[in-house]
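Engineer: Using the sequences plus the hints, can you model the full thing?
Protein chains in written order, with the numbering used here: chain A, 1 to 281; chain B, 1 to 316; chain C, 1 to 418.
In short, the hints are calculated from the structure, not lab data. Note that beta-carbon positions come from the ideal geometry of N, C-alpha and C, so glycine has one too. Hints may be right or wrong, so weigh each one.
Facing chain B, from chain C, some residues (calculated, C-beta under 10 Å) [to be verified]: (1) L263; (2) E275; (3) L285.
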Amino acid sequence: MINVILHALPIAIVASTPLLLAVEGELVVQRAGMINLGIEGMLLVAAMTGVIGQQLTHSVAAGFAAAVLGALVVAALFGIFAIRYRADQIVTGTAVNLLALGATGFVYQALRGGELFFVPPMTEWVQRLVVLLGWIVFPIALALLLWMTRFGLRLRASGENPEVLERVAFYRWSALAIEALLAGMGGAFLSLALSSGFAENMTAGRGFIALSIVIFGRWKLRGAIVGTALFGIAAALQYTLQAMNIGLPFHLLLALPYVLTLLILCGIAGRVRAPESLGRN
Amino acid sequence: MRQLAAALAAIVLLSLCALAVGRSPIELLRILANGSIGSRFAIEGTLLKSVPLLLTGLSVALAFRAGVWNIGGEGQFITGAIAALAAARFGVVPAILASMLAGALWASIATAMRLWRNAPEVLTTILLNFTAIHLLGWCVNGPLQERGAQYPQTDLAGAALPVAGELHAGVLLALAASVAAWFLLYRTAEGLRLRATGLNARAATWAGINVNAQLVRAMAISGGLAGLAGGIELLGTTHRLFERFAAGYGYSGIAVALLAQLHPLATIASAMFFGALSTGAGELQRTAGISSNIAVFGQAVVILLLILFGSWRSRD
Amino acid sequence: MLSLQRITKRFGDNVAVDDVTLELRRGEILALVGENGAGKTTLMRIAAGELDAGGGTITRDGEIGIVHQHFLLVSDFTIAENLALQRAWSFASPRTLEREAEACIRTTGIRLEGVSRRVESLSVGEKSKLELIKAIAKNPRVLILDEPTSVLTPNESAELFAVMRTLASEGTAVVFISHKLPEVLEIADRIVVMRRGRIVAETTAHGMTPADLANAMVEKGVAPPPRRGESRGGEILAIVGVAGNGQTELAERYRNEHPDAGLIPEDRTRDGIVEGMSIAENLALKSKHWHPREAATAAQAQIARYSIRATGPSQDAGSLSGGNQQKVILARELERKPKKILAAEPTRGLDIEATSFVHAQLRAAADDGASIVLITSDLDEAFALADAIQVIYRGKLSARLTPAEAQERVGALMAGIA
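Structural biologist: Below you can see the structure in the form of structure tokens.
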């Protein structure tokens, strides 16, 4: 059994890197007091623009840059409504997701003519780099930023008692920008490294799973890493078991990540302390 | 009125998408109109599409009014349909009832998780959607697959709704549900308390209202309505289950509810608008090859405009 | 230091500040007194630059610090982190922030220890000190304190006065808003009385008694409410204490234990009225039946009975003034003649007319046999209404006292000295 787990671990880490990046980004945004359901849409748009960017320029770097740009556009949309117009964040996030879904589907079908959406596999060192960034570099950097700088202190204050600050909007926009950077990379990694390109609705709820892990990890980076790792291992385990012909029938296997996330949300009874002003306008 | 402005503005913005694929916006609008209301066939199609939208719209409206974020219409729709299929052998009425019960139960999973584990229903209902979609996939590829096992779909259901021409009795059921929902919200004391809970749960508690009970009730009714939508769609229109059965009806319900400002009677008109958009988009796909995703895009634009105008919920 | 010339401020139809001229001199302690709603806080917020004046000119010479009644603190952060929010720095470890906080506190002369403690664990008096430290740390030329002693024990108040005198001696002008007249006479150099947005009197403390001041504050002699007679059915138990000593938790416990009691919550806009619903709907929340027309008629009757100033039963209850909202809540709760009533801070922020009305309603309910628990931080109110008094301190209740016993001991009990 241990062998099976050890065998699944590296796969799990790599496969759940997009998820982890999304968790990290959403964590920053929620620490600043906002619930961004639209992270699902951000990942999806980033996955598409990443592919388009790479295919047009044949450069992985350009692909990632395009992905981040796409995520920024989605973040800007959410920000305008949630920050500038102080709109309800749940409704705004839902609308943003629908917009992303419709827009990416539309563009995908419109451009499907050529081979635009089939990309060559990403080189190993780039993959390793992104995994390293996501699992080690970014968590450390974000932890330092949030807990050792005045910027981070004020960002966290925006999520606790925003009335204490003068320029709450600045910190919330900054948080969204950070989320876009991370989710952009996550989306690009999903389409360029883990898949062979873009497919409609390919994020399949990763954004929502990320939201759940943020809660499970109690809005801390340590919790984010542990939560994502646990999730990734559990999911990868099932695939490994599947390969060995034990486990669930194929379609129920597809439902596993979501049931797993539901169980994760069950494990947070009572004592969870969210940032005090989370979700309030 | 701002609602009308939002709807029209969305259509205009949509038509501009035509430019992205090298076609004229006017032509896009023409095809949309033709496909939705340009012929008897089109109008019937629009009405048929409006029925599930009306019910999922009511589902969302009721839940949001109670202050509960039920985004799980999709999953409740699916489980409702599965239950209807299973119960169809006993007749149409048991099948309809089964669909409502299944939808209510599926929604109640999220309620239970919120009450016992503090899990936010906005996430749990969405996760249950994905779960239900794959549950459906398993059913139509496995235990419920048609006898010939050729396609991922079930056999025809053992019962069907009575029809009049191309329309089925579901139209009447949906309208009745709309009136019933209005009556519940605006003519009963429980409806008053439900609305109060949604507007200010703290004040509702101080006024002696059992907020948790309101939550449970609202989610159950909301789930039941979405489940009913699935049952009616099965027993009236498709007559069998297949992958992608839900086709976004659950999420579309959100746009329907918001355009109607969460008001049960206005949902009728709102559902017809989005029903028309949907059939029109289908025609666009068929004749002009423009992705029917444009309908989803349109829903999102409407919602965003409503948010901008500040008119996605009415003051009672 | 600070010069306010002909300041006027309107909120809709309400004239909160009416043509006020006021100048502050170096090193003076000015007391600003007046009833609730007289315009003191609004005037000072304008002076500090938080609100714009509708008319008039302000001349400031230096920084103006203001310490509000409501704390602007991040509860989840430590004392050190709260202080660090306003200072200039980029990168520091938590320990560095703590050292800097201790240094900052030392310069102000106020005693506050344990800077690594979370603000949510501090007592109300300590939170008040922290706010004061924040304001003083900016080295203001003028320091405005809004009702600072309302949450302090007598010892803490004495500490505060010492700090105020030190600041004044160093040249800072201190404005002290209060309705506690004995304190005002003790500390202030100059006293300014406001009523209905205007300055109606200006004097020094020399030779004044609290009664003199009180007379200047009110319009006509308000007869003290008659003491309760013998023939009443129910009793009124007043639970007094400095705000923040567990009153909220006590009220919620009572609410959970007595679901069919009449409940008047402490925060009427947040917990009492459902904004977005009409007066009729708010009144009907406890009813068995709901029919719009009948409800409207019933609401109209209650609006008349309780003299609620509204355009009609269909007016949004959220748009009513504080006093009228309280009347709606009273109407709803008292209508069913409950046997038990909980009233938490029922007259907070209300003017004299509304306050008398509420008191009369509570008295009438008690006369009818209801037993009332009145949670209040207003000692005058407690002594006017109560048959028995208990003091709450840090969540614990004292023994029941008669009003006479309470007169002697309440000060000590409220400060935690048994």
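Engineer: Against this structure, judge whether each hint is valid.
Structural biologist: For each hint, the structure was consulted:
1. Given hint, C:L263 at the interface with chain B, holds; its Cβ is 5 Å from that chain's nearest Cβ, closer than 10 Å.
2. Using the Cβ-Cβ criterion of 10 Å, the hint placing C:E275 at the interface with chain B is satisfied: the shortest such distance is roughly 7 Å.
3. Because the closest C-beta pair between C:L285 and chain B is about 4 Å apart, less than 10 Å, the hint holds.
Consistency note: the structure conflicts with none of the earlier hints.
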